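Visitor: As a plain string of letters, each chain reads:
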Amino acid sequence: MLTRQSSVFFLTTFLIVLTFTLYCVFDVPYLATKVSPALPVVASILFALVISSLLKTTLTDPGIIPRPSNREAIEYDRQAQTLEPESGNRNANTPRQKVVNINGQAVKLKFCFTCRLYRPPRSSHCSICDNCVLNFDHHCPWVGNCIGLRNYRYFYFFITTVAILDIFIGVCSALHLGLLTTEKGTFIEALKHTPVSAAIFLITFFSIWSVAGLSGFHTYLIATSQTTNEDIKGTFNSKLRPHVKNPYSTGNCCKNIWRALCGPEMPSLLDRRGVIQSDIMVSVDAETFSRLSTQPKSPSPEPPEDPRMSLDREQISTDPPDEDIEVGDTECLPRNPFPAIPTPHCGTDSNGVKSHNYQENDDIEANRNTTISMQVIDPNTT
Amino acid sequence: MELEGKIEPEVWTSFIDDLNRRYHKADSVTFASVFESSLGFITCNLSRVCVPSVWNRALKESETFIQERNRAVFIPNNLFIRDPASKGLRVIEVSILDEFVPQPQPTQESSCVTPMLTPRN
Numbered sequence: 001m002l003t004r005q006s007s008v009f010f011l012t013t014f015l016i017v018l019t020f021t022l023y024c025v026f027d028v029p030y031l032a033t034k035v036s037p038a039l040p041v042v043a044s045i046l047f048a049l050v051i052s053s054l055l056k057t058t059l060t061d062p063g064i065i066p067r068p069s070n071r072e073a074i075e076y077d078r079q080a081q082t083l084e085p086e087s088g089n090r091n092a093n094t095p096r097q098k099v100v101n102i103n104g105q106a107v108k109l110k111f112c113f114t115c116r117l118y119r120p121p122r123s124s125h126c127s128i129c130d131n132c133v134l135n136f137d138h139h140c141p142w143v144g145n146c147i148g149l150r151n152y153r154y155f156y157f158f159i160t161t162v163a164i165l166d167i168f169i170g171v172c173s174a175l176h177l178g179l180l181t182t183e184k185g186t187f188i189e190a191l192k193h194t195p196v197s198a199a200i201f202l203i204t205f206f207s208i209w210s211v212a213g214l215s216g217f218h219t220y221l222i223a224t225s226q227t228t229n230e231d232i233k234g235t236f237n238s239k240l241r242p243h244v245k246n247p248y249s250t251g252n253c254c255k256n257i258w259r260a261l262c263g264p265e266m267p268s269l270l271d272r273r274g275v276i277q278s279d280i281m282v283s284v285d286a287e288t289f290s291r292l293s294t295q296p297k298s299p300s301p302e303p304p305e306d307p308r309m310s311l312d313r314e315q316i317s318t319d320p321p322d323e324d325i326e327v328g329d330t331e332c333l334p335r336n337p338f339p340a341i342p343t344p345h346c347g348t349d350s351n352g353v354k355s356h357n358y359q360e361n362d363d364i365e366a367n368r369n370t371t372i373s374m375q376v377i378d379p380n381t382t
Numbered sequence: 001m002e003l004e005g006k007i008e009p010e011v012w013t014s015f016i017d018d019l020n021r022r023y024h025k026a027d028s029v030t031f032a033s034v035f036e037s038s039l040g041f042i043t044c045n046l047s048r049v050c051v052p053s054v055w056n057r058a059l060k061e062s063e064t065f066i067q068e069r070n071r072a073v074f075i076p077n078n079l080f081i082r083d084p085a086s087k088g089l090r091v092i093e094v095s096i097l098d099e100f101v102p103q104p105q106p107t108q109e110s111s112c113v114t115p116m117l118t119p120r121n
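Those protein sequence lines, which keep their order, are chains P and X. According to the numbering used here, the first sequence holds residues 1 to 382 in order. According to the numbering used here, the second sequence holds residues 1 to 121 in order.
Take the hints with a grain of salt, since some may be wrong.
As the list claims (entries may be wrong) - Restricting the straight-line Cα-Cα distance to at most 20 Å, the calculated cross-link-like pairs of lysine to aspartate or glutamate (EDC-like) are:
| no. | chain 1 | residue 1 | chain 2 | residue 2 |
| --- | --- | --- | --- | --- |
| 1 | X | LYS25 | X | ASP83 |
| 2 | P | LYS110 | P | ASP130 |
| 3 | P | LYS245 | P | ASP231 |
| 4 | P | LYS255 | P | GLU265 |
| 5 | P | LYS255 | X | ASP27 |
| 6 | X | LYS60 | P | ASP130 |
| 7 | X | LYS60 | X | ASP83 |
| 8 | X | LYS60 | X | ASP17 |
| 9 | X | LYS25 | P | GLU265 |
Simulated from the structure, these hints should not be mistaken for lab results. Treat the numbers as computed from the prediction; the structure is a model and nothing was measured.
Take these sequences, add in the hints, and give me the full structure.
Guide: Next comes the structure, spelled out in structure tokens:
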């Protein structure tokens, strides 16, 4: 339900709840007395699992990657410009790529121009949700959410439990009709007695094929450690690309399934409840401060380094800028990828100047300019 | 490398390796993660409300680790590392501390006091 058009999700919920309610009202009284009271208990447990998996799938953040601040985006532009100097038809929208090495396989990371970040491996941009999602599988309209890293196992549980519940209810209603037929003599009599059971049976019969097919397909995907996206594109298809090996697979089907379903759930990278911090105060002791104030100023900003890309660090060499770049209020800047942007600078007072290294809070809702200011802790006063 | 003058490469690489190791451990299938997943399945995911997850613990530990490293190693070398979790685990932001602002004065008593309505005698 995290997407814009979520009406199909309500349809899904309505169908499941309706089928189960009809089953409870029309089939259970007969079956509980004639066959076993355990049947409605099992059905209720399955129904609870279905609903909880569905809600968890829908309402869980699939692994949306928070968008970088303006400062980071400017830094990416600067790096792209310095790494590949002007050549030919290069413009601001030429696709940018980084290549990293995962488990011996070279993987290309594309730059997402909408989100202004280099997509981590296996992630993709969902145009319906307008987000880059980690381990993007697909966007499921029935569930009303993207399926990504964080909610894949709940999605898998949902489709498997729905398949089991579907089969269970179908068999129960068929059993009901069968038993009634033996009682009443003809099938038509039984049908007249409980027409709803036939309706339930038809609903379950027509929906089981797609759901069971989907479950089987996703079981195959988990066993081979691929996402739907990768399967469709044939990224790791051995026939299309025989030289490419899936670096995310352990090689063993059971291990892959084990890892996908029993691994830990990553926390959401979006900070929905965070409060915007306007200033980050770094407290230093007097000795460091005195050392600092005697040193000459160093104006070069730091390039951000990606901790997740590979275990051996990438050395990005950038040239220090020729002039003092003071990046002031970056919200006012148009997205201009070229360096040496003189910007208006908020006033400084005589005691100190604003830091060159601005850090901005990464909250998706707002991008505010923050400063790093240092506080001198005088041991005499504390 | 911009950091060359500021800090030894071994210190930096060991710091990054340590961070990577923590995240890798948090991501791997351990007894705790299996327990968390199966408990969630059994309780229809209500256990998430009560029991903290493996990753949350790992992120807290790495936050304290980064703070401690900042205090001990990086700030004396005029560097400040921002927790990657606050950046969505995309980048590690390293800032060079080269300027300062004086300690902000504590705010004065609020000068705009709402006028109290005194009853007229």
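Visitor: If a hint holds in the structure, say so; if it doesn't, say that too.
Guide: Now for the hints, and whether the structure bears them out:
1. X/LYS25 x X/ASP83: holds, 18 Å
2. P/LYS110 x P/ASP130: The given pair, whose Cα atoms are some 16 Å apart, holds under the 20 Å limit.
3. P/LYS245 x P/ASP231: Distance ~13 Å between P/LYS245 and P/ASP231 Cα, so the pair holds.
4. P/LYS255 x P/GLU265: holds, 17 Å
5. P/LYS255 x X/ASP27: This hinted pair holds, its Cα atoms lying about 15 Å apart.
6. X/LYS60 x P/ASP130: violated, 30 Å
7. X/LYS60 x X/ASP83: Answer holds: X/LYS60 to X/ASP83 is near 10 Å, not above 20 Å.
8. X/LYS60 x X/ASP17: Holds, because 17 Å separates the two Cα atoms, which is no more than 20 Å.
9. X/LYS25 x P/GLU265: Cα-Cα ~13 Å, so holds.
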